[in-house]
Amino acid sequence: MGKTNDVVIKIATVNGTGSASANGLLRKAIFRMGVPVVGKNYFPSNIQGLPTWYEIRVTGDGYQARSDRLDIMVAMNAQTYAQDLAEVSPGGWLIYDSTWPRSKLLDRDDISVFGVPLSRMCNENFDGARARILMKNIAYVGVVAALLDLDLDIITTLLEETFGDKRQLIDSNMQAIRLGYDYAHAHFSCPLPMRVEALDKTRGHIVIDGNTAAGLGCMYAGATVGAWYPITPSTSLMDSFHAFCRKYRVEPETGKRTFCVIQAEDELAAIGMVLGASWNGARAFTPTSGPGISLMSEFLGLAYYAEIPAVVFDVQRTGPSTGMPTRTQQSDILSCAYASHGDTKHVLLFPADPGECFSMAVQSFDFAERLQTPVLVLSDLDIGMNDWMIPAFEWDDGYVPDRGKVLGAEDLEKMEKFYRYLDVDGDGIPYRTLPGVHPKGSYFTRGSGHTKYGNYTEDASAYQDVVDRLLVKWETARGLLPKADIRYSRFNSAAVLTVGSGNAACVEALDRLAAQDVNLNYCRVRAFPFGDDVREFIAKHDVVYIVEQNRDAQLRTLLMLDIDAEPAKLVSLLHYNGIPLNAGFVVDGVLDAIQRGQAA
Amino acid sequence: MSYIGKPKVTHPGIRRNKLGLTPRDYEGTVSTLCAGCGHDSVTAAIIQAVFELDIEPHMLAKMSGIGCSSKTPAYFVSQSHGFNSVHGRMPSVTTGANAANRDLTYIGVSGDGDSLSIGVGQFVHAIRRNLNMCYIIENNGVYGLTKGQFSASADIGSKPKKGEPNRQEPIDPVSTALSLGASYIARSFSGDKEQLVPLIQGALKHPGFALVDVISPCVTFNDHEGSTKSYKHTRQFYHHVVDMDYIPPAKEIRAAYDEGDAMPVELHDGSRIVLRKVDKSYDPTSRAKAFKYLREQFNAGEITTGLLYLDEERPEMHELMGNTDTPLSKLPYESLHPGAEELRKILSGYA
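Protein chains in written order, with our numbering: chain A, 3 to 602; chain B, 64 to 414.
Hints should not be assumed to be uniformly reliable.
[To be verified] Computed spacing ranges between beta-carbons, pair by pair:
| hint | chain 1 | residue 1 | chain 2 | residue 2 | range |
| --- | --- | --- | --- | --- | --- |
| 1 | B | E405 | A | K5 | 37 to 43 Å |
| 2 | B | R377 | A | A133 | 42 to 48 Å |
| 3 | A | K454 | B | A351 | 17 to 23 Å |
| 4 | A | Q265 | B | R377 | 55 to 61 Å |
| 5 | A | K454 | B | E257 | 39 to 45 Å |
| 6 | A | N48 | B | V341 | 57 to 63 Å |
| 7 | B | C97 | A | D534 | 36 to 42 Å |
| 8 | B | I77 | A | E460 | 32 to 38 Å |
[To be verified] Derived pair list, reagent style DSSO-like, types lysine-lysine, alpha-carbon separation capped at 30 Å:
| hint | chain 1 | residue 1 | chain 2 | residue 2 |
| --- | --- | --- | --- | --- |
| 9 | A | K442 | A | K485 |
| 10 | B | K393 | A | K419 |
| 11 | A | K442 | A | K475 |
| 12 | A | K475 | B | K393 |
| 13 | A | K442 | B | K393 |
| 14 | A | K347 | A | K454 |
| 15 | B | K295 | B | K81 |
| 16 | A | K485 | A | K542 |
| 17 | B | K393 | A | K168 |
| 18 | B | K408 | A | K258 |
| 19 | B | K224 | A | K249 |
| 20 | B | K408 | A | K203 |
| 21 | B | K295 | B | K210 |
| 22 | A | K416 | B | K393 |
| 23 | B | K393 | A | K258 |
| 24 | A | K203 | A | K5 |
| 25 | A | K168 | A | K106 |
| 26 | B | K224 | A | K442 |
| 27 | A | K407 | A | K475 |
| 28 | A | K5 | A | K168 |
| 29 | B | K314 | B | K295 |
| 30 | B | K224 | B | K210 |
| 31 | A | K419 | B | K81 |
| 32 | A | K258 | A | K347 |
| 33 | A | K442 | A | K416 |
| 34 | B | K393 | B | K295 |
| 35 | B | K225 | B | K295 |
| 36 | A | K416 | B | K81 |
| 37 | B | K393 | A | K454 |
| 38 | B | K295 | B | K224 |
| 39 | A | K454 | A | K419 |
| 40 | A | K347 | A | K475 |
Hints in this document: simulated from the structure, not taken from any laboratory.
Just so we're clear, the structure is a prediction, and the values are computed from it rather than from any experiment.
Heads up, the beta-carbon is just placed ideally off N, CA and C, and yes, glycines get one too.
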């Protein structure tokens with residue numbers, strides 16, 4: 003059961019009916035009341051007419067994950083009414099449009115059902131089919147506002163911010179909200195026992211999705227070339243970069259652009275463009291999702307072997323194949339780590355929320371250029387497209403991009419001869435040159451066998467020399483990449499280890515388990531190859547519960563492959579139905595494993 | 064690709080260009096292609112073209128995919144950066160490279176397999192973007208490195224060394240490029256350096272996508288009786304319709320051209336291309352007429368060569384996008400982000 007500032011509301015609507023702005027209004031109003039709030043989208047791979055849901059979790063404790071409870075269902079879609087009714091937790095509430103009669107069969111005696119004649123009220127008050135549909139969705143905002151005691155002044159302010167000086171729009175929206183608000187007050191006892199009470203817990207915070215944050219990060223990182231092929235759920239990342247660039251990357255004197263966004267003909271071309279641009283000295287990136295990674299694989303192998311920087315964002319969705327494009331998963335971990343044929347492996351970064359999408363977007367360019375290799379940032383649909391409340395991230399004006407070991411004209415002038423793939427410094431990272439800088443810098447970039455001098459070879463030892471040196475670079479990467487987020491609760495022998503968006507649910511689960519006196523340590527890996535900190539963490543524990551969102555325990559496999567983690571102590575908790583992970587799944591999984599004796 | 068060094072031999076009196084460099088300075092490593100391969104003649108034509116254009120070697124970028132043709136960038140201008148990418152994907156790499164640095168001259172060398180089979184999608188889209196590059200297809204109708212399978216440019220009825228004749232329609236890069244709106248389209252023959260060198264020069268100077276389709280016979284797998292891409296067949300059936308001269312800036316046109324036959328076209332840097340019509344009925348500025356003519360000649364078994372289409376007005380990729388004149392890779396980092404204070408303002412919109 004919900005209680006004050008701990009309420010979960012889900013709104014069931016039809017996509018393409020303007021419900022997104024109504025839902026956003028509710029979520030923002032709660033945030034402006036100083037109460038932490040999270041918003042999750044559950045939407046179809048479709049433009050208009052199919053069921054869609056938005057879930058708002060009011061969380062005074064500031065938890066970020068999806069809840070495993072549902073207190074209030076706003077059932078606006080007759081198509082899914084039965085399913086929506088069934089989903090409400092006992093003791094919860096259901097609001098429906100009572101304009102039309104409802105079958106008695108669709109009832110439950112363990113919840114309260116409120117009927118509000120939303121369509122009728124809107125038909126009486128507004129003209130035109132489109133306006134009536136839109137206003138019906140705005141009207142339920144008023145009902146929820148009454149039930150939860152939301153501040154109407156805040157809602158008015160938000161409408162003013164949205165519509166600016168379009169007074170008529172503000173008034174008609176407020177009129178619709180009032181219809182719902184007044185009806186609720188007249189017919190039900192408002193507010194409900196579970197309500198929203200103003201706090202001061204959102205100051206300094208923002209609500210943002212990961213794709214927007216990552217696109218902004220690319221702009222701040224100084225990326226100038228973005229190449230992409232549209233694919234859900236990564237599309238909004240390039241939209242974000244493009245929009246920020248149109249604002250901040252136009253030369254005032256000439257009106258000309260200092261960025262180049264190219265919509266490629268496919269993902270093969272998108273990554274090819276990124277490699278061409280990076281080879282030529284620009285910071286370049288491509289956002290994609292699983293199917294795109296499959297297509298990019300050949301080029302990623304070239305980039306690994308020819309040592310060309312590249313930044314790829316994989317906003318993971320549910321596989322295999324086309325899978326469920328609008329549902330989340332972490333199932334590209336292995337295909338990204340080892341994308342392409344031959345002995346190939348890639349640096350991965352795992353952001354856990356939009357804040358890290360921003361910071362890791364910036365870092366990814368530094369690592370790619372420092373290490374002269376592709377860096378894949380593995381976000382997912384949950385992070386990329388949902389609304390997360392996070393502390394507003396900051397920018398350090400002292401930041402200097404790490405462009406890596408690039409020789410300039412003066413360096414080359416002084417050198418007798420430049421060789422592309424020599425390990426001069428012993429860290430496995432050679433020096434590179436850019437075209438157009440100096441005749442002495444010229445070399446031939448190729449994916450065919452080459453010597454450390456950059457020449458073509460079919461010689462056994464000259465070939466092996468280079469691929470062995472790449473392993474030295476791999477170890478350099480291991481030491482350079484972000485450390486894991488490790489938390490010790492107290493001395494104990496069991497731990498939870500997760501990655502990316504698993505963080506939110508695991509952190510909440512650890513609190514809940516601690517309340518039951520089950521204390522676990524915690525590790526969230528943030529990069530691949532895994533650092534010594536992860537190796538040591540696993541070694542210290544008898545049991546490590548590996549929580550990840552795929553069927554095949556890909557993170558667990560990677561831990562075994564990369565740092566020889568002992569399989570017997572790695573217990574998998576796998577969540578892969580496409581819905582974001584929640585704390586209840588982790589709590590139940592751990593308790594169940596303990597019961598079965600899989601804990602020390 | 065060769066790993067055999069080539070001795071630099073110079074002698075007094077050797078030609079030097081404006082940069083004081085000799086043709087030797089534009090050579091690469093020794094070719095490892097078969098003796099008599101058409102591609103080596105194309106390489107020689109490229110060397111001459113680049114030398115005569117006074118292009119600084121390090122300002123040239125040599126791009127290629129995979130195949131016999133794609134090996135050749137190693138055989139010319141060794142002081143240029145080269146990028147031997149993956150099969151059929153040279154256009155996308157060149158697109159990205161050009162996006163990052165528009166100041167370089169890009170020459171892509173591809174083949175009929177690389178451009179018309181595995182890479183036809185990228186070939187098509189590079190044209191659509193009017194990517195500023197010289198795109199050479201060394202067209203021999205077969206896959207050499209895998210020992211003689213037909214490519215997509217093989218003509219109907221052309222006989223392989225072993226097996227059955229080709230029965231599928233060929234993809235003709237010239238008419239494909241014409242239909243897609245390429246702004247500079249030429250065809251030539253590896254055995255006709257006089258025609259080929261100026262065509263490559265014009266292609267290197269043309270501000271936009273410049274295709275040079277070169278019939279370049281494969282001596283090992285496609286030079287026999289019954290092949291339509293052999294030296295013998297090409298020599299017998301190819302004919303010039305429009306030749307061209309490239310005239311550098313501030314150089315007078317010396318050759319005498321008959322009025323009506325010659326068409327000088329001024330390029331943006333003051334240089335000129337002079338088209339010389341061999342066939343007076345041919346109009347290299349009309350896509351529709353050019354297409355009709357090429358199709359008719361093709362049906363008659365003729366190989367039409369020369370500068371077949373030219374449109375100097377179409378904006379290239381950067382112009383289409385409204386990009387700054389400064390290469391993007393050279394913009395100072397400070398100019399690329401609005402700073403901490405502005406980030407605070409941006410994020411206040413998310414509170």
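Evaluate the given range 37 to 43 Å for the C-beta pair formed by B/E405 and A/K5.
-> At roughly 41 Å between Cβ atoms, A/K5 and B/E405 fall inside 37 to 43 Å, so the hint holds.
Go ahead and decide if the range 36 to 42 Å is satisfied by the Cβ distance of B/C97 to A/D534.
-> At roughly 54 Å between Cβ atoms, A/D534 and B/C97 fall outside 36 to 42 Å, so the hint is violated.
Do the alpha carbons of A/K416 and B/K81 lie within 30 Å of each other, as the hint requires?
-> 25 Å, holds
Determine whether the Cβ-Cβ distance between A/N48 and B/V341 falls within the hinted range of 57 to 63 Å.
-> 59 Å, holds
Measure nothing beyond the straight line between the CA atoms of B/K295 and B/K224; if it is 30 Å or shorter, mark the hint as holding.
-> 15 Å, holds
When you check the alpha-carbon spacing of B/K224 and A/K249, does it fall within 30 Å?
-> Distance of about 61 Å is beyond 30 Å: violated.
Given the proposed pairing of A/K442 with B/K393, does the C-alpha separation stay at or below 30 Å?
-> 19 Å, holds
55 to 61 Å as the expected CB spacing between B/R377 and A/Q265, which holds or is violated | 19 Å, violated
Does A/K475 lie within 30 Å of A/K442 when you go C-alpha to C-alpha?
-> Satisfied, since the Cα-Cα distance of roughly 25 Å is no more than 30 Å.
Given hint A/K106 paired with A/K168 - CA-CA distance at most 30 Å | 44 Å, violated
Between A/K442 and A/K416, is the straight-line Cα distance small enough, at 30 Å or below?
-> Holds, at roughly 10 Å.
Does B/K295 lie within 30 Å of B/K314 when you go C-alpha to C-alpha?
-> 38 Å, violated
Taken one by one, the earlier hints fail for this structure at numbers 3, 4, 7, 9, 15, 17, 19, 25, 26, 28, 29, 32 and 34, listed in ascending order.
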